[in-house]
Amino acid sequence: MTTLFTILFDGVAYGMLLFVLACGLAVTLGLMNFVNLAHGAFAMTGGYICAVLVNNSGWPFFAALPLAFVSAAAIGVALERTLYRHLYTRSHLDQVLFTIGLTFMSVAAVDYIMGSSRIFIKLPAALEGQFDFFGVGIGRYRLMIIVICGLLTVALQLILAKTRFGSRLRAAVDDPRAASGLGINVPQVFAFTFAFGCGLAGLGGALSAEILGLDPYFPLKFMIYFLIVVTVGGSSSITGPFLASLLLGIGDVAGKYYVPKMGPFVIYTIMIVILIWRPNGLFGRAATR
Amino acid sequence: MSIRSHMLLAAGAVAGMLALAPAHAQETVKIGLILPMTGGQASTGKQIDNAVKLYMQQNGDTVAGKKIEVILKDDAAVPDNTKRLAQELIVNDKVNFIAGFGVTPAALAAAPLATQAKVPEIVMAAGTSIITERSPYIVRTSFTLAQSSTIIGDWAAKNGIKKVATLTSDYAPGNDALNFFKQNFTAGGGEIVEEVKVPLQNPDFAPFLQRMKDSKPDAVFVFVPAGQGGNFMKQYAERGLDKSGIRVIGPGDVMDDDLLNGMGDAALGTVTAHLYSAAHPSAANKEFVAAYKKAFGSRPGFMAVGGYDGIRLIYEALKKTGGKTDGDALIAAMKGMKWESPRGPISIDPETRDIVQNIYIRKVEKVDGELYNVEFATFEAVKDSGKTKK
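Sequence order for the protein chains is R and L. Counting from 75, one number per residue, gives the positions in the first sequence under this note's numbering. Counting from 689, one number per residue, gives the positions in the second sequence under this note's numbering.
Treat the hints with care, since some could be wrong.
Stated by the list, open to error - Restricting the straight-line Cα-Cα distance to at most 20 Å, the calculated cross-link-like pairs of lysine-lysine (PhoX-like) are:
no., chain 1, residue 1, chain 2, residue 2
1, L, Lys1054, R, Lys196
2, R, Lys335, L, Lys885
3, L, Lys1026, R, Lys335
Unchecked claim - Beta-carbon label-pair distances, calculated as ranges:
no., chain 1, residue 1, chain 2, residue 2, range
4, L, Gly877, R, Thr76, 25 to 35 Å
5, L, Thr716, R, Ala199, 53 to 63 Å
6, L, Tyr859, R, Thr76, 26 to 36 Å
7, R, Gln231, L, Ala860, 45 to 55 Å
Hint data in this document are derived by calculation from the structure and do not stem from the laboratory. Predicted model, so just to flag it, every value in this text is computed and none were measured. Don't be surprised by glycine CBs; every beta carbon is placed ideally from N, CA and C.
All chains should be built: construct the whole structure from the sequences, respecting the hints.
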């Protein structure tokens, strides 16, 4: 019985991690209708920045985490202003080609600068190991992931639903022309949203180095996971991808534990079943666009 | 368009060969070095490339009156690339050796070309047993997985380890490692209580490790590709397996010197069987490690040693043939060759053209603040036991 809870706990942590990594993609894809396959590259950037700060410059881990967010967001803004902006109105194929090219460039660049071997971030001792909670093994690092990601999710949902910025964003997405007619600076809202999504990816990248491993191929290896989260969750809200991440995380971990022979297929089986049942994802709107 | 460009290319290549061939054919011995310099296996390629450069710096680039020229090509560990590059090297560049080969499929892809062109193929990295059986022109200076996996199986059975859970990556070398270990460990009276094969692209070991923990073995036998070992060890410690008295054993690939230091103290106490440790206490090795560190700023791993011995084998064979580059003569010269490598005494088995070497049982310990595999037992002159029986 306690094993079940440990598995559940690991699954939730894994799912939360997937969510932080992928929710930026849900935002750009769902809210801004832009296919950004280079999303993983921002995650990798955040991870490497955190690793360099902690390992080489001796920063404490918790100080480096926000910086991973900030720098990934800054790079996001720079690229959005110079490159992405021109592609908003282009076809999805153009967007895919552009962003996949960007991904390959990021892989080559990181390989060149940092080398191709896997790197780790030195963690503070307080985050290492596992403790027993009524017989359930709780990993300290995974617990931290759940806490950070849980808070982020709540904050995101509040921002989108309750703040003025959230309503501007939703207005800008629903009808950009009418929104700008009402005095909303649509490009600025998009740029900010894009940057925020990239920042979240950067944070996710820094957090995931310990669990998923960080190397220059990160954006390619995990692209499929991000896309699964967004397709299964539907891209019209934050709740969809969140529940999808949890479902996939728990499904993946439990599948690998209970039926290790079938382990790698579980996540894909879940995806196929859900997409047959609800082609627009769990919380997808019927295609109105 | 494409036909014309092909013709142009071909014409260019022919012209180039005509211009170059007569000038160089006599004085130069060319070695085509095919390595993964990009992609997931790039660390293997870099180590071998470094080691070859180091050997040539130390020993000069002339042997038996011939100048040695190394042509480095990157195959990114994709066998199709390997085959194409090997063909180009043999046909266009007229190389006298092809060498390198980061992974088994790459070594196999080049094998028919070596046979057809009678060009010696020196395998410096790939570790599946069958490789040397695929062409009479293949000689290996790295290792086979059978060598280290059978030895650790024997060792575990004799040293109080009765129940073992295995965790291996689901691909050819992983299955080789598992089968050879299982064969020798169960023959020695051990029992496998849990057997898990993890997908090659595995992001998170958590569920598999939980399974290991629940099966309560004396030790976990691990084989994962280089690079994933660090993740494995970290999660192994995170889950508290180290504290519950479950030891980690395996072939030494997991504890590659290249990565060992990044794994942290979780790796302490891990027992592996392998051909090389940077901490091998011989004068030859100390000199090698110091020179390598000075030249490239990092510690050499077993891949570097495979490359270092591979280029040395080429040098020695050329010395023996007096600079003659006939493929059959070179292979004959290599058979039975013996020398003292940084890893210890090694030789080339005259029957299988595979390497015969000592396998060491090592334990991860802290030496001068850094993690090293410290050798404490030696199995001498281990041959590859994985050849298909004849």
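Check: Cβ-Cβ distance between Thr716 of chain L and Ala199 of chain R: within 53 to 63 Å?
Finding: holds, 57 Å
Notebook entry, point to check: Does the structure keep Lys1026 of chain L and Lys335 of chain R at a Cα separation of 20 Å or less?
Noted result: violated, 44 Å
Check: Is the Cα-Cα distance between Lys335 of chain R and Lys885 of chain L 20 Å or less?
Finding: holds, 7 Å
Next item on the list: Go ahead and decide if the range 26 to 36 Å is satisfied by the Cβ distance of Tyr859 of chain L to Thr76 of chain R.
Entry: Cβ of Tyr859 of chain L to Cβ of Thr76 of chain R: about 34 Å, so the range 26 to 36 Å holds.
Next item on the list: Determine whether the Cβ-Cβ distance between Gly877 of chain L and Thr76 of chain R falls within the hinted range of 25 to 35 Å.
Entry: holds, 33 Å
Check: Given the proposed pairing of Lys1054 of chain L with Lys196 of chain R, does the C-alpha separation stay at or below 20 Å?
Finding: It holds: about 18 Å lies between the C-alpha atoms, which stays within 20 Å.
Notebook entry, point to check: Per the hint of 45 to 55 Å, is the separation of the Cβ atoms of Gln231 of chain R and Ala860 of chain L within bounds?
Noted result: Holds - the Cβ-Cβ distance for Gln231 of chain R and Ala860 of chain L, about 47 Å, lies within 45 to 55 Å.
The structure fails to meet hint 3 from the earlier list, while all remaining hints are met.
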